[in-house]
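Q: Quick note, the sequences are listed as chains A and B, same order.
Numbered according to this note's numbering, the first sequence terminates at residue 344, and the numbering increases by one at each position without gaps.
Numbered according to this note's numbering, the second sequence terminates at residue 1344, and the numbering increases by one at each position without gaps.
Hints were generated in silico from the structure; no laboratory data involved.
All clues stand as given, with none of them false.
Below, simulated EDC-like cross-link-like pairs (lysine to aspartate or glutamate); rule was C-alpha separation at most 20 Å, straight line:
id	chain 1	residue 1	chain 2	residue 2
1	B	K1058	B	E1086
2	A	K277	B	D1267
3	B	K1259	A	D135
4	A	K259	B	D1135
5	A	K101	B	D1126
6	B	K1101	A	D126
7	A	K277	B	D1270
8	B	K1021	B	D1046
Computed, partial: chain A to chain B, Cβ under 7 Å:
id	residue
9	T131
10	G132
11	V193
12	L278
Covered by chain A, according to a simulated footprint, are these stretches of chain B (three or more residues, beta-carbon under 8 Å):
id	stretch
13	1192-1202
14	1273-1286
Yeah, the Cβ is synthetic: ideal placement off N, Cα and C, and Gly gets one too.
2 protein chains.
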Amino acid sequence: MQINPPYLMFLGDVHDQLAAKTAQGIVDWRAEWCVGQLRLPNCKADLGIADMTIAGAKAKGVKTLIVGVANAGGVLPDHWTSVIVEAIEAGMDVASGLHTKLGSKPEIAAAAAKHGRTLFDVRHSDMTFATGKGDKRPGLRLLTVGTDCSAGKKYTALALEKEMRARGLDADFRATGQTGVFISGRGCAIDAVVADFISGAVEWIAPAADANHWDLIEGQGSLFHPSFAGVSMGLLHGAQPDAFVVCHEPTRTTMRGVKTPLPSIADVIDLTLRCGKLTNPAIKPLGIAVNTKALGEAEAKKYLADLSAEYGLPATDPIRFGVGVLVDKLVADYPQSGKLARVG
Amino acid sequence: MQINPPYLMFLGDVHDQLAAKTAQGIVDWRAEWCVGQLRLPNCKADLGIADMTIAGAKAKGVKTLIVGVANAGGVLPDHWTSVIVEAIEAGMDVASGLHTKLGSKPEIAAAAAKHGRTLFDVRHSDMTFATGKGDKRPGLRLLTVGTDCSAGKKYTALALEKEMRARGLDADFRATGQTGVFISGRGCAIDAVVADFISGAVEWIAPAADANHWDLIEGQGSLFHPSFAGVSMGLLHGAQPDAFVVCHEPTRTTMRGVKTPLPSIADVIDLTLRCGKLTNPAIKPLGIAVNTKALGEAEAKKYLADLSAEYGLPATDPIRFGVGVLVDKLVADYPQSGKLARVG
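Same shape as in the complex, but just chain A (with noise of 0.2 Å):
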């Protein structure tokens, strides 16, 4: 599954920014890919790209459609079907987070038949996987793990990303959930593989690699989240991840969804050694991506200090204060990072 690029976002009419999450999330991390937007009448939301037709976007070379808004329920509205059938017409993939499927639209599957083109639904997965098999795969390979959910392990990933390739290492962002799939074009949503497979979806996620290749896995959940820890268990353990960054929030008490309590990073830095070595030996912690949103500046800044202090690692909010701190450490521990060889 390869999602190609360069992308025309199609928001539907959804009533606000919100529902166009996904979508701003791959103009923020892939501005380059993305090269338009189809808005129909009474839209709300706004990319702040161009605005742009089928037949615009296929002079301009879109290679996908990407409906990457969220509507109540995650259906696909009849009234949209029409434009996904004139991209394709037009010669486009069409790629889709929402739940429903979008063959399940028999004038989709018809055209998508007829042209030869391939329907992507990112939320499901119709891929079959090995299971995991343990062995240990050459390449570097570095993982997001969390104190919860949505504690920012994508952001930390993707911004890793970024810095590596910008002091010309080489290094993939790879992806485990919807957004991270498009923002990819490749990957797949881990918490919607058959349970059996999900190490094994891992392993084919972050396949073997140049021996000094970063992979930048993005986590899922966390090994002490009730309703998600096994997902968070098989993507370590098919991850093999040499090193781990620990994403937290700081206000929350509780975990999402649930009334447990959250676990502290210490707690999340022994647990992830203790099962991560069952495939990788050599794991280790590279440093602890804090969310401070809820903080004030000096606040922030000492709370980071007293984090950095108490485990002897780099402490850093990547939003604010980027992950500079992060890479300056993983160059030092692994001076066999390799470099970029291509234009990234």
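Fit chain B to the known structure of chain A by using the hints.
A: What follows is chain B alone, placed relative to chain A:
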């Protein structure tokens, strides 16, 4: 999902006894539900129960035809279809452990729709679960865990049910795998569930119960198996066990299907306690169940005695020596365990 007994066991024309392993397991543990077997010409398996036609089974009150055999590739041969349709026309539900879904055969789907019968594809999960909540449910729970896959977890849970019921204790086996689902008439193959819902599915499999009732939950995989630890982790969190039994096969050096070394029993106890405390802080090991088939009688007894001394826990081979010592400790440690109000 509730598969209603009594059962007629359909063996088709499988080529050997091993292909009827699931059916044999059902007869071993639920002989009273298995009123007969139906075999096609050239069938090489035999469950040692009465051969019976659909009409004969109907006369005996059979409610479900069980397709409990494994063919090459798990496919449903076309020439089995007419028997299945005949069972449906006679008013039976049909439950299958094959990979091919029953409803994918148009004649079977049509017959089930026409006669209002239910088709169970035990290997698949079309059920919708909530995500796990982690809230402590009333009732006592025991989980069998393993140093590896196929280490006796199902057998141990079933043997505990039998022994506990024989002592008048209120206990139910809870299935998390295909054979177990046929044996208990309920449950689901947890490894076929979408990853996000592993612990939620287990919360459904072993729901809130009387405070003194025991659920004996069939474990899967191992927290140390690089292919399946995600399943084991979600199962542990969803099961919220008060007690667990470690199942072990002493002659293995690597885990099934991979090159990973077998963990020690101490490792398994330690990590199970560590992770299990997330959803049940009272979790404790109850004992050790060993498959000593490869050892002589005296050697097996010495091995178990040594284990018992080392861990301060009862150790037994459930097949060779029964699970009496485990139930002795359970009754001693949990004097509140409820008595059967019904005939088990």
